[in-house]
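Visitor: Sequences listed follow chains C and X, in order.
Going left to right, the first sequence walks through residues 1 to 115 as the working numbering numbers them.
Going left to right, the second sequence walks through residues 1 to 117 as the working numbering numbers them.
No lab work stands behind these hints: they were computed from the structure.
Nothing here was measured: the structure is a model prediction, and the numbers come from that model.
Hints are not guaranteed to be accurate.
As the list claims (entries may be wrong) - In silico negatives: residues of chain C with every beta carbon more than 12 angstroms from chain X:
id: 1; residue: 17
id: 2; residue: 18
id: 3; residue: 22
id: 4; residue: 38
id: 5; residue: 41
id: 6; residue: 55
id: 7; residue: 56
id: 8; residue: 80
id: 9; residue: 84
id: 10; residue: 85
id: 11; residue: 88
id: 12; residue: 98
id: 13; residue: 102
id: 14; residue: 113
Said to hold, decoys possible - Here are the computed distance ranges between Cβ atoms for each label pair:
id: 15; chain 1: C; residue 1: 26; chain 2: X; residue 2: 3; range: 26 to 34 angstroms
id: 16; chain 1: X; residue 1: 16; chain 2: C; residue 2: 52; range: 34 to 42 angstroms
id: 17; chain 1: X; residue 1: 61; chain 2: C; residue 2: 29; range: 44 to 52 angstroms
id: 18; chain 1: X; residue 1: 73; chain 2: C; residue 2: 60; range: 37 to 45 angstroms
id: 19; chain 1: X; residue 1: 117; chain 2: C; residue 2: 1; range: 45 to 53 angstroms
id: 20; chain 1: C; residue 1: 1; chain 2: X; residue 2: 9; range: 31 to 39 angstroms
id: 21; chain 1: X; residue 1: 79; chain 2: C; residue 2: 14; range: 46 to 54 angstroms
id: 22; chain 1: C; residue 1: 100; chain 2: X; residue 2: 82; range: 40 to 48 angstroms
id: 23; chain 1: X; residue 1: 61; chain 2: C; residue 2: 14; range: 22 to 30 angstroms
id: 24; chain 1: C; residue 1: 55; chain 2: X; residue 2: 117; range: 44 to 52 angstroms
Said to hold, decoys possible - DMTMM-like, lysine to aspartate or glutamate: derived pairs with alpha carbons at most 20 angstroms apart:
id: 25; chain 1: X; residue 1: 41; chain 2: X; residue 2: 96
id: 26; chain 1: X; residue 1: 41; chain 2: C; residue 2: 9
id: 27; chain 1: X; residue 1: 40; chain 2: C; residue 2: 98
id: 28; chain 1: X; residue 1: 40; chain 2: X; residue 2: 105
id: 29; chain 1: C; residue 1: 58; chain 2: X; residue 2: 105
id: 30; chain 1: X; residue 1: 41; chain 2: C; residue 2: 8
id: 31; chain 1: C; residue 1: 49; chain 2: X; residue 2: 58
id: 32; chain 1: C; residue 1: 49; chain 2: X; residue 2: 24
id: 33; chain 1: X; residue 1: 44; chain 2: C; residue 2: 98
id: 34; chain 1: X; residue 1: 41; chain 2: C; residue 2: 85
id: 35; chain 1: C; residue 1: 102; chain 2: X; residue 2: 18
Glycine is no exception: its CB is placed at the ideal position from the N, C-alpha and C atoms.
Here is how the chains run, residue by residue.
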Amino acid sequence: AQSVAQPEDQVNVAEGNPLTVKCTYSVSGNPYLFWYVQYPNRGLQFLLKYITGDNLVKGSYGFEAEFNKSQTSFHLKKPSALVSDSALYFCAVRDRGDSSYKLIFGSGTRLLVRP
Amino acid sequence: DTAVSQTPKYLVTQMGNDKSIKCEQNLGHDTMYWYKQDSKKFLKIMFSYNNKELIINETVPNRFSPKSPDKAHLNLHINSLELGDSAVYFCASSQDPPWRGPGDEQFFGPGTRLTVL
Numbered sequence: 001a002q003s004v005a006q007p008e009d010q011v012n013v014a015e016g017n018p019l020t021v022k023c024t025y026s027v028s029g030n031p032y033l034f035w036y037v038q039y040p041n042r043g044l045q046f047l048l049k050y051i052t053g054d055n056l057v058k059g060s061y062g063f064e065a066e067f068n069k070s071q072t073s074f075h076l077k078k079p080s081a082l083v084s085d086s087a088l089y090f091c092a093v094r095d096r097g098d099s100s101y102k103l104i105f106g107s108g109t110r111l112l113v114r115p
Numbered sequence: 001d002t003a004v005s006q007t008p009k010y011l012v013t014q015m016g017n018d019k020s021i022k023c024e025q026n027l028g029h030d031t032m033y034w035y036k037q038d039s040k041k042f043l044k045i046m047f048s049y050n051n052k053e054l055i056i057n058e059t060v061p062n063r064f065s066p067k068s069p070d071k072a073h074l075n076l077h078i079n080s081l082e083l084g085d086s087a088v089y090f091c092a093s094s095q096d097p098p099w100r101g102p103g104d105e106q107f108f109g110p111g112t113r114l115t116v117l
C-alpha cells in the first residue's frame, strides 16, 4: 500500500532564511510525487510535481523539491522564506502501477515564517 | 472567473438530515474528485468521476452518493447525517484521467465546511 509521511507538524523559520519541509513516501512501484499548499480557508493549490527525469523539480513561488529514490524522500525547499509562505503544505504520492489511481496525501506540515 | 466552485461554503445542519453539496468546474476538465478533510487537516479521497463515470470509490458509507450530471459538475449527496460527517469537503478537477499519464495536477475548490449538530 502506498503512504506518505510528513514527520513535522510544524516548521518555523525566520524570513529570509532557507526552509525545508520534509516528505518521505512508500510505494511498491515508481512514484509520482506532488506538493500542494493550502492557505487558511482555501482549497489546495498545486506547487510542483515529480514525474521522471531530473531529480530537482522547480515549481511555483520559488519552491523546489528534490526527489531522492534511495531515501524515498521528496523534500520541499526554498532558498529564502517569505512571511507570505506561511501556510499548510501537503506532500502527495501516486504509485504508477496502482490501478486504483488514488492520490495519497500526507498529514500536512504547517509552515510559519516569522518577520 | 472561479475555476472550481462549490456551494454552499458553509453548511450547518442537524443529525439525521439529508444535504447536498454542489461542485462545478469551468476548466473543461474530464475528471473530478471529492475529498474529505477532517479536523486534523488529514485529506482523503472519497470519489472520482471521469466523463460522468465513477472511477474511484473509496470505502465510504453508502449514505454518501456522488452524482455527475455532466463532466463539469459533480455533486455530493449525504443522507442521514452523523456527527462524524463534520468536516471540510473539497471538490477538485484535473484535465486527464489518471490512467492517461503521469497525473495532472488537481485544481481544488474553496471547500464546504459541514457542521453536523
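Visitor: Run every hint past the structure and note whether it holds.
Guide: Consistency of the hints with the structure:
{"no.": "1", "hint": "17", "verdict": "25 angstroms, holds"}
{"no.": "2", "hint": "18", "verdict": "25 angstroms, holds"}
{"no.": "3", "hint": "22", "verdict": "17 angstroms, holds"}
{"no.": "4", "hint": "38", "verdict": "8 angstroms, violated"}
{"no.": "5", "hint": "41", "verdict": "8 angstroms, violated"}
{"no.": "6", "hint": "55", "verdict": "15 angstroms, holds"}
{"no.": "7", "hint": "56", "verdict": "17 angstroms, holds"}
{"no.": "8", "hint": "80", "verdict": "25 angstroms, holds"}
{"no.": "9", "hint": "84", "verdict": "19 angstroms, holds"}
{"no.": "10", "hint": "85", "verdict": "17 angstroms, holds"}
{"no.": "11", "hint": "88", "verdict": "6 angstroms, violated"}
{"no.": "12", "hint": "98", "verdict": "9 angstroms, violated"}
{"no.": "13", "hint": "102", "verdict": "5 angstroms, violated"}
{"no.": "14", "hint": "113", "verdict": "19 angstroms, holds"}
{"no.": "15", "hint": "C:26 - X:3: 26 to 34 angstroms", "verdict": "32 angstroms, holds"}
{"no.": "16", "hint": "X:16 - C:52: 34 to 42 angstroms", "verdict": "50 angstroms, violated"}
{"no.": "17", "hint": "X:61 - C:29: 44 to 52 angstroms", "verdict": "31 angstroms, violated"}
{"no.": "18", "hint": "X:73 - C:60: 37 to 45 angstroms", "verdict": "28 angstroms, violated"}
{"no.": "19", "hint": "X:117 - C:1: 45 to 53 angstroms", "verdict": "35 angstroms, violated"}
{"no.": "20", "hint": "C:1 - X:9: 31 to 39 angstroms", "verdict": "34 angstroms, holds"}
{"no.": "21", "hint": "X:79 - C:14: 46 to 54 angstroms", "verdict": "50 angstroms, holds"}
{"no.": "22", "hint": "C:100 - X:82: 40 to 48 angstroms", "verdict": "26 angstroms, violated"}
{"no.": "23", "hint": "X:61 - C:14: 22 to 30 angstroms", "verdict": "46 angstroms, violated"}
{"no.": "24", "hint": "C:55 - X:117: 44 to 52 angstroms", "verdict": "49 angstroms, holds"}
{"no.": "25", "hint": "X:41 - X:96", "verdict": "27 angstroms, violated"}
{"no.": "26", "hint": "X:41 - C:9", "verdict": "11 angstroms, holds"}
{"no.": "27", "hint": "X:40 - C:98", "verdict": "27 angstroms, violated"}
{"no.": "28", "hint": "X:40 - X:105", "verdict": "23 angstroms, violated"}
{"no.": "29", "hint": "C:58 - X:105", "verdict": "14 angstroms, holds"}
{"no.": "30", "hint": "X:41 - C:8", "verdict": "14 angstroms, holds"}
{"no.": "31", "hint": "C:49 - X:58", "verdict": "24 angstroms, violated"}
{"no.": "32", "hint": "C:49 - X:24", "verdict": "25 angstroms, violated"}
{"no.": "33", "hint": "X:44 - C:98", "verdict": "17 angstroms, holds"}
{"no.": "34", "hint": "X:41 - C:85", "verdict": "18 angstroms, holds"}
{"no.": "35", "hint": "C:102 - X:18", "verdict": "28 angstroms, violated"}
Going through the hint list in order, the structure does not satisfy hints 4, 5, 11, 12, 13, 16, 17, 18, 19, 22, 23, 25, 27, 28, 31, 32, 35.
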